[in-house]
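**Q** What follows is the residue order along each chain.
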Amino acid sequence: DGGITQSPKYLFRKEGQNVTLSCEQNLNHDAMYWYRQDPGQGLRLIYYSQIVNDFQKGDIAEGYSVSREKKESFPLTVTSAQKNPTAFYLCASSLERYNTEAFFGQGTRLTVV
Amino acid sequence: SQQGEEDPQALSIQEGENATMNCSYKTSINNLQWYRQNSGRGLVHLILIRSNEREKHSGRLRVTLDTSKKSSSLLITASRAADTASYFCATSQTGANNLFFGTGTRLTVIP
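So the sequence lines, in the order shown, correspond to chains A and B. Per our numbering, the first sequence starts with residue 1, numbered consecutively. Per our numbering, the second sequence starts with residue 114, numbered consecutively.
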């Protein structure tokens, strides 16, 4: 089946640890995005990528890093510099940046313990 | 904030009734999109309306766009319990490198 897959669904992080969230798509989309969702709030853009080996910061990039070595994959690392990482993280992809519909993964819920 | 704002924040209706949600935004847009999110899940795209369009239909969904008022509405007709979810508008804004999401409307359809 075509789609976008995020893993893991739930992730627990200790203080001071880096963790990496996986996002894979087989839709042959060029554009991929990472969003953060906090309770009662809309989605906020962390990073986006339009093509392989290129990515741009979104509104809340501090404390996060990404890579885009393959078209299908756009992993997000939450570093220890992110002071409030507990949130729901959503990965998305689209054929063209923002001019066509975005397809979302099922999300990863990250909790700091 | 550059985000759109949905109104109301929460809406509760009986099954079979129509549900109307509104979205307002602040700047010029290329398109406006509506998404649905079930609790704890990813977003699902419902409909995209471009800035030169005024109305679009998809099944029981009707979306209108008024660029002079910078607002859009989503109408769900003959609602079902399975329509219970949060609904978000998102705008692709001219000159911006982002898709701006509102804070959503939480719709509850009572069987």
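Be careful, since some hints might not be right.
[Said to hold, decoys possible] Straight line, CA to CA, 25 Å or less: simulated DMTMM-like cross-link-like pairs of lysine to aspartate or glutamate:
| id | chain 1 | residue 1 | chain 2 | residue 2 |
| --- | --- | --- | --- | --- |
| 1 | A | K70 | A | D38 |
| 2 | B | K183 | A | D30 |
| 3 | B | K182 | A | D30 |
| 4 | B | K139 | A | D59 |
| 5 | B | K169 | A | E96 |
| 6 | B | K182 | A | E101 |
| 7 | B | K139 | A | E69 |
| 8 | A | K83 | A | E96 |
| 9 | B | K139 | B | E168 |
| 10 | B | K169 | A | E101 |
| 11 | B | K183 | A | E96 |
| 12 | B | K139 | A | D30 |
| 13 | A | K9 | B | D196 |
| 14 | B | K139 | A | E96 |
| 15 | A | K83 | A | D30 |
Hints were generated in silico from the structure; no laboratory data involved.
**Q** Hint compliance check: list the failing hint numbers for this structure, sorted ascending.
**A** 1, 2, 3, 7, 8, 12 and 15
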